[in-house]
Each structure stands twice: as C-alpha cells, then as structure tokens.
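Chains A and B, in that order, are what the protein sequence lines are. Using the working numbering, read the first sequence as starting at 118 and increasing by one per residue. Using the working numbering, read the second sequence as starting at 56 and increasing by one per residue.
Check each hint, because a few of them may be wrong.
In silico lysine-lysine, BS3-like type, Cα no more than 25 Å apart, as pairs [unchecked claim]:
| # | chain 1 | residue 1 | chain 2 | residue 2 |
| --- | --- | --- | --- | --- |
| 1 | A | K132 | B | K138 |
| 2 | B | K177 | A | K149 |
| 3 | A | K159 | B | K138 |
| 4 | A | K159 | A | K200 |
| 5 | B | K123 | B | K138 |
| 6 | A | K149 | A | K159 |
| 7 | A | K132 | A | K159 |
| 8 | A | K149 | A | K200 |
To be clear, the hints were calculated from the coordinates, so they are not data collected in a lab.
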Amino acid sequence: MTIQKSVTVRCTPDKAFRVFTREIGLWWPLDKGFSYGGERRKEIFLDDRVGGRLYERFNDGSEFEIGQVTRCDPPHLILFTWKSPQWEAATEVEVRFSAAAEGTRVELEHRGFEAGPKMAKSGKGMARGWVTVLERYAAHAGDATNA
Amino acid sequence: MGDSLRTRRLQTCNLWVTLSIVITQVDEILTAVGYPIRREMLRRLSERPCRAGDLARGFAVSRPAICKHARTLQRAGLIRAAKSGRERMYELAPDARAAMRAAAARVEELSAFWDTALEAFKRRAEESA
Numbered sequence: 118m119t120i121q122k123s124v125t126v127r128c129t130p131d132k133a134f135r136v137f138t139r140e141i142g143l144w145w146p147l148d149k150g151f152s153y154g155g156e157r158r159k160e161i162f163l164d165d166r167v168g169g170r171l172y173e174r175f176n177d178g179s180e181f182e183i184g185q186v187t188r189c190d191p192p193h194l195i196l197f198t199w200k201s202p203q204w205e206a207a208t209e210v211e212v213r214f215s216a217a218a219e220g221t222r223v224e225l226e227h228r229g230f231e232a233g234p235k236m237a238k239s240g241k242g243m244a245r246g247w248v249t250v251l252e253r254y255a256a257h258a259g260d261a262t263n264a
Numbered sequence: 056m057g058d059s060l061r062t063r064r065l066q067t068c069n070l071w072v073t074l075s076i077v078i079t080q081v082d083e084i085l086t087a088v089g090y091p092i093r094r095e096m097l098r099r100l101s102e103r104p105c106r107a108g109d110l111a112r113g114f115a116v117s118r119p120a121i122c123k124h125a126r127t128l129q130r131a132g133l134i135r136a137a138k139s140g141r142e143r144m145y146e147l148a149p150d151a152r153a154a155m156r157a158a159a160a161r162v163e164e165l166s167a168f169w170d171t172a173l174e175a176f177k178r179r180a181e182e183s184a
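Bound-form chain A, shown alone:
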C-alpha cells in the first residue's frame, strides 16, 4: 500500500524544504490529534540530515522517536522512516520538492505498509493486484482534494 499526495506551494523550493523539515514544529497539526502524546503533546522536530530524527518532545520532557532520516538532499528530497508503536515494521515517507510555474511542487509518498516480517516470509514474487487497486483508489481520493 502506498499513499501518494502532492501539493503546490507559492514559495521557493528552498523555503518549502526548510518549512517542511527544520520548521515542522511551526505547522505540524499536533493540536488536531497528530501527536503520539495525546494531551502531553508539545513539540515536533525533523532534523534535516541523514541519521537525523523525526521525533516529538512531550510536555513532561520525554521524547518519542517517530522515525529517522535515511536520505537528505536539500532542497530536493528528504526520506525518513515512520513507525507507530503498534506497527510490525517501519514505513517510509519520501518528500520531493521541485520548482514549478507557481512555486514549488511537493510530492509525498508514504509506503511500505506491506513490508512486515510476515510479508517477507510469505514469499518472493508477491503480486500486488489488490494493492494496486487500493493505490489507485487512494490516488483518486487524493486528486479530489489536491487538484
């Protein structure tokens, strides 16, 4: 399963990249339930370097690491892992930034939901028929809001 999203923002790729990474704490909607800390939510950080962390710091000072940066090529691309505590394996988020007529096109792909250990055991040549159907469905649903 892969989720693909894109959005065009009216600013330069440099700024789009910076806002997405170093300034993630200024816009990430922690207050809308987008936090692993629930009521303890406070801050979120994304270090824009390979090995850097995507993590939350809660109001009691404790931290929760969501993932780590595996590729970083400012202002074009950042790739980081994403693992919820209940998930078997980490998923992967890739964000690409490219100059567009009206600013910067930001393309996001969240993938790897099928990469759990169980999946690996069930054999190579795993066909993805149904997965592809769902992907198209998700992409279509995305188009409606991101046109």
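Keeping the supplied structure of chain A fixed, place chain B upon it in accordance with the hints.
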C-alpha cells in the same frame, strides 16, 4: 488543496491511535489479498463453500501450499474452515466483504491524514518569510 470534509471528520478523534490500530488490520488484509492464488481462492469461495481438495484444483502449487494460503486468508478473517468428515471445508467469512471495504476506508483515512498535514504545511510555507 481545498479543505475537505474528511479532514474535519478526522479531527474528532486521536488520529495517531486510530491509524496505528487500523493499519495493523489493513496490513493483514492487504497481505492476504496481495497474491493472485489467494485472490482466486477468495473468488471461488465467494461462489460457494469448497473442500480443501477442490480448492486446490487447477493451481500449479502443492496442496500444502494451498493450505498455507488458506491459513493466511483465515488469519485475515476473510475465510473460515471447518472439518467435514476427513476433509476440511472452507467458506468465505460472513464479514469478509465488509472487512475488505473497511480496509479500503482505512487507506482513505491515511490519505486524509496527509491531506490535513499538507494543508497546514502549505499555509505556513506561503506566509511571508
């Protein structure tokens, strides 16, 4: 990116918790249906219950392999098995169709999650530096 109804619906609960749990379930279903033989098995069982022997017919894989695929489908809650004499009978689980529809809905929720996040990102990125 316009504002969406789904966005508002998602804000009513703690999204992380919801996503974490549902994606585990979706995984099982996607794993189960992500293989042509298992999809064909599901198709056959959606027509009528089937003996293990009949279910294996026509596939170029061993019967133990078919049983293994059946167990994967069982784990995902898509089919049920019962002993009938010396043979095992398989049938589509009563809520298999609903489970698959629910999996599709979960994909849509994750999709809406990123819509909301990217909307917030866009607003911030477009503020004057």
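Hint check results:
Pair hint K132(A) plus K138(B) does not hold up; C-alpha atoms about 64 Å apart against a cutoff of 25 Å. Restraint check: the Cα-Cα separation between K177(B) and K149(A) comes to about 16 Å, which is no more than 25 Å; the hinted pair holds. Between K159(A) and K138(B) the CA atoms are separated by roughly 55 Å; this puts the pair beyond 25 Å, and the hint is violated. A distance of roughly 19 Å separates the Cα atoms of K159(A) and K200(A); the hinted pair therefore holds under the 25 Å criterion.
For the given pair, K123(B) sits about 16 Å from K138(B) by alpha-carbon distance, which is consistent with the 25 Å threshold. With a C-alpha separation of about 12 Å, the suggested pair K149(A) and K159(A) falls inside the 25 Å cut-off, and the hint holds. Annotation: proposed proximity of K132(A) to K159(A) holds, straight-line Cα distance about 24 Å (limit 25 Å). About 19 Å separates the Cα atoms of K149(A) and K200(A), which keeps this hinted pair within 25 Å; it holds.
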